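Undergrad: Fit chains B, C and D to the given chain A structure using the hints.
Next come the chains, spelled out residue by residue.
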Amino acid sequence: MAETVHPAEQAAHGEHHEEGWVKKYLFSTDHKIIAMQYLFTGMAMGLIGAFFAYVFRMQLAFPGMEVPFFGVVSANEYNSLITNHGAIMIFWVAMPVLIAAFGNFLIPLMIGADDMVFPRINRLSYQIFFISALVLLASFFVEGGGFGGAWTAYPPLSANAAYSLTPMGATLWLVAVALEFVAFLLGGINFVTTLMNSRTKGMGIYDIPMVLWMIIIASILFMASVGPLIAGAVMLFMDQQVGTHFYDPTRGGDPLLWQHLFWFFGHPEVYVVLLPAMGIVADIMPVFARKKLFAYRTILWTAIGTGVLSFTVWAHHQFIAGIDPRMAHVFTITTLLISIPIAEMCFVYIATLYGGSIRLNTPMLWALAFVAEFLIGGVTGIFLGASGADIYFHDTYFVLAHFHYTFFPIAIIGTYAGVTFWFPKMFGRMMNDTLGKIHFWGTIIPFNLIFIPLFVLGAAGQHRRIYDFTNYPMLAEPWMQDLRVLATVSLVVMLAFQLVFFYNVIVSLVRGEKAGKNPWKSNTLEWTTESPPPHGNFGDQYPTVYRPPYEYSHPDREEDYWPQNLPN
Amino acid sequence: MAEAAAHHDEHHEHPNYVRIWAILLVLLIISVLGPMLEIRVVTLLTAFGIAVVKAYMVAKNFMHLNIEPRYVVYLMATMLVFMLLFFAGVAPDVMRFEGDNWVKPMQSTAAPGTLGHPDFVPHGEAGGEHH
Amino acid sequence: MSSAARPIANLRSATGIPTGRLAVWWVVASEIVIFGGILASYIMFRLAHDAWTVQAANTNTTIGAINTFVLLTSSLFAVLGHANAVDGNGKRAAFFLRLTALGGAIFIAIKSYEWYTEISHGFTITSNTFWSFYYTAAGLHALHVIAGAVILLLIARDAAKNLELHRVELIGIYWHFVDIVWIFLFPLLYIAK
Amino acid sequence: MIETWVEAVSTYARDVDNLILLIGVLVGFWFILCEAVFFGFIIKFRHRPGQKAQYVTGEEKSQKRWISIPHLLVLVCDVFIIVGAVQVWYTIKQNLPEAEQTVRVVGQQWAWTFVHPGKDGKLDTADDIALVDELHVQANTTYHYLLESRDVLHNFSVPVFRLKQDAVPGRTITGWFNAQKTGQWDVQCAEICGIGHGIMGARIFVESPDEHAAFIASHSQAAPVAVATASGR
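In order, the protein sequence lines correspond to chains A, B, C and D.
Using the numbering used here, read the first sequence as starting at 1 and increasing by one per residue.
Using the numbering used here, read the second sequence as starting at 569 and increasing by one per residue.
Using the numbering used here, read the third sequence as starting at 700 and increasing by one per residue.
Using the numbering used here, read the fourth sequence as starting at 893 and increasing by one per residue.
Hints may contain errors.
Claimed, not checked - Pairs of lysine to any residue, SDA-like flavour, derived with a Cα cap of 20 Å: (1) Lys936(D) x Tyr354(A); (2) Lys892(C) x Tyr585(B); (3) Lys1073(D) x Ala991(D); (4) Lys201(A) x Ala713(C); (5) Lys944(D) x Gly355(A).
Note that these hints are calculated values from the structure, not bench results.
Predicted model, so just to flag it, every value in this text is computed and none were measured.
The following block holds chain A by itself, in its conformation from the complex (with noise of 0.2 Å):
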């Protein structure tokens, strides 16, 4: 017991010696090189997820066609993609870059720590993800093909190889979802101990940077609600590759219990993506607007509120899939309940700006489009979580589209302000403004016009997961399928402007300006080390926290910042 209490913490790391290659940025226990792994890592999947949007877009767009780069899109070829691409895109993309990523460089830095308390459970975590991550990818090569079920994987269809004809490319799928889950709950652990224990003097709860607070809060929901999918997880292993009959309903199983299983997991999920995004916005809207962030507290509160009632929502997804009808009342109403909390952080990021003197840096264009995104996204989830209007909307594009509107401003627009923001501090240079703006305007329109039109289509009673339109009459009239062809060439516009992003990013690594200690005269500790931060981040001298980390514009204060290790 007594050597966790240490006695003089200055007098550790002392020297810091000059390791090999493969150790340092390979096997690295550093948090910094663990979060530049899952950044990168994550980033890659990312664009082997966009990839698959690309062909499974061309196919909607030009059925039957040879799409460039892949080749005539088959059936059983289309499910795959749709399924791996929501897969890839929510747990081997959002989960990475925003939670694993982002929370490893930050949670220390911010909190004025030299690492995470376990560095090596966090090399080990990286580990077991990149595993995951290649496990998914052996799914495509295996006989039969990947895994075609969609990414919420509900069996019948999923446990038995009869129906899907993918045996080894479902039980990969899966076993590379379940290695995920393992390596998130191990870095979970880490990041919840760190940010509970490891504060530097003076930081109490009501002076750590919001992200981290979210970062936190959608870890704790990880974990609280990862565990009856893993139990799920293992029983439709088991029933895929056993024999057993859990989800078997002619043997005494239920097929709608793996669907309790998922969405008891699967919404609180997005939250858990959710939350850090929010938090990455709500660092930088202060920054950029050199205004305190409103009521801190009340997002706080509102965020664990979110968190709590996400719990109680799972069933909105089931809606019409053979649940007790008493319980769509329930669920409604929970469903609408959350809106409140979502709605009140929405109103406190608007009233942010109030006063504010806003610049409209890159980071910041890309933290303002996040909440004008977003509203969208919100807003027509209001029509899926009525159950009623859900019977319509149930499976539709319009689905498809509302979640887009959520997801693609927290995986795509919250990462690509995090990284625009901190892109300095985590390589020393600061990013091209002009070339940044570019890449702005070449994401943010088309995006919009890939999903408006599919929010029409969606109402028209599209209905999702359809490889080829034609065999429904109704769905094949001429107009559609021009909107479709819209959504498909907005889509393939966008991609290429993310060549300019890493265009970007190249240029600046090598020749971006210095960026100095703080360029952006932000107040939270990760900006009071060298950029890049070296190894034991604050090297002898820890900082030591004296005031809540928003104070811009104070009224006592010549600056309009005030960072928080300033005595005064």
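TA: Showing chains B, C and D alone in chain A's frame:
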């Protein structure tokens, strides 16, 4: 940090773990003997009531939840509450054979013939031990 | 393994709970929902299918009770190990940890015998969904026992040299949790008939 | 709103459309208000040299009012939506009006089998008419459907009826509809069910009483053959 050390010194006097273990064993014996009376209520009480008591004793005395800060207990309790919530939300669908506007013909005793598929053998009721 | 490599973050304790113990509590919290998920599913099915009573009658209560006894006793050893670790007696702590691991090994041995008997009587994992739950839930638990026993031995090796004595308590908390899971599995799978 | 794109054919289609309109108006109002204020602030509070931002904590009551009042108003809107949603849901899914006719709808990979009662108007008799991917119903008649699946999940979706219901293997789910117009429309499978999910469409024919009687008469002979093809997978 200093508190942690102080905390520790208070409890330097170890509780009598062997005594707690002995009580647990007695409870175990009761829970095994309970069903022999073959009264359903007694069986349930001795089986699950005693399981709860045993879990409480192990958590309190062996895991030292009694000297942990309160929020650790709340954390564990929250997880259990989530499970109750899960149960409450799922049981109406999975547990019942005849819901509002649906039946599970293969498992239902009340409506055996409803599924017009003579090729189906009702497994749920027979238990399926003949496989 | 040496504490010199440990980051300063690990040595702070803003909450007053040592970092390791805090983390173990979070591990336990996430395990509660894993076992909670499978047990909640099992209870739903069990309550719905009266016919499973016939199947459950074939489980061996005596063996279940003996295994409960083994795990309870190993928990006692774990907590005695902790008491010795607090007193700074690493050697005795290691002795008790090894006894605890031995308890785990006996548990697994008895379990193997029990499963062997049941499988040879035709009660396999696929013969009925009751047996599927029986093997899956107990198997998941057994994996935790095995993992716990391995970690116990690793920690005992260090503790014998009076190193990392705080870890004795951490593995103890985990082991007691595994014990508690069994305390619930025992009536669910064996007694309720 | 929806009727611009998809006809409203069943009795409750209008209820769904009206609910969607109600939600559209309420959330549309909030959406436009939020975006207007949001962009208004961005334009109004652009950075001007030499001008410092205001210091507003947002923790005081007078400031919090700016978010707590809208938030209460949102709650009021939510109540309207909940009431509407519950009513529509109750009408469509929970409350079953007395059936005049019953059809059985069976999903399997990757076709629908619709079992119509024959001349006697009863299911499970010798004169049942089983057709693949064709459902014939009579207008202005309350139908119950018995929805089943033989293998995986399917979803019986008739957009013009505003009707969707998953077909779950092992369950027979009962629902109802009453068509108001004659014509023919699409039936979709709206739950992924494997490779052929994309081709699992069917047609629904809503017929006048005379047409429907003619349909039954014409299929009374062919019925056994149709049953055979439907059950042979």
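Undergrad: For a C-alpha distance cap of 20 Å, please report whether Lys1073(D) and Ala991(D) respect it.
TA: holds (18 Å)
Undergrad: Is the straight-line distance between the alpha-carbon of Lys892(C) and that of Tyr585(B) 20 Å or less?
TA: With Cα atoms ~33 Å apart, Lys892(C) and Tyr585(B) exceed 20 Å; violated.
Undergrad: Does Gly355(A) lie within 20 Å of Lys944(D) when you go C-alpha to C-alpha?
TA: It holds: about 9 Å lies between the C-alpha atoms, which stays within 20 Å.
Undergrad: For the pair supplied as a hint, Lys201(A) and Ala713(C), is the alpha-carbon distance within the 20 Å limit?
TA: Holds, because 9 Å separates the two Cα atoms, which is no more than 20 Å.
Undergrad: Take a quick look at whether Lys936(D) and Tyr354(A) sit within 20 Å of each other, Cα to Cα.
TA: Since the Cα atoms of Lys936(D) and Tyr354(A) sit roughly 9 Å apart, the hinted pair holds (cutoff 20 Å).
Checked against the numbered hints given earlier, this structure breaks only hint 2.
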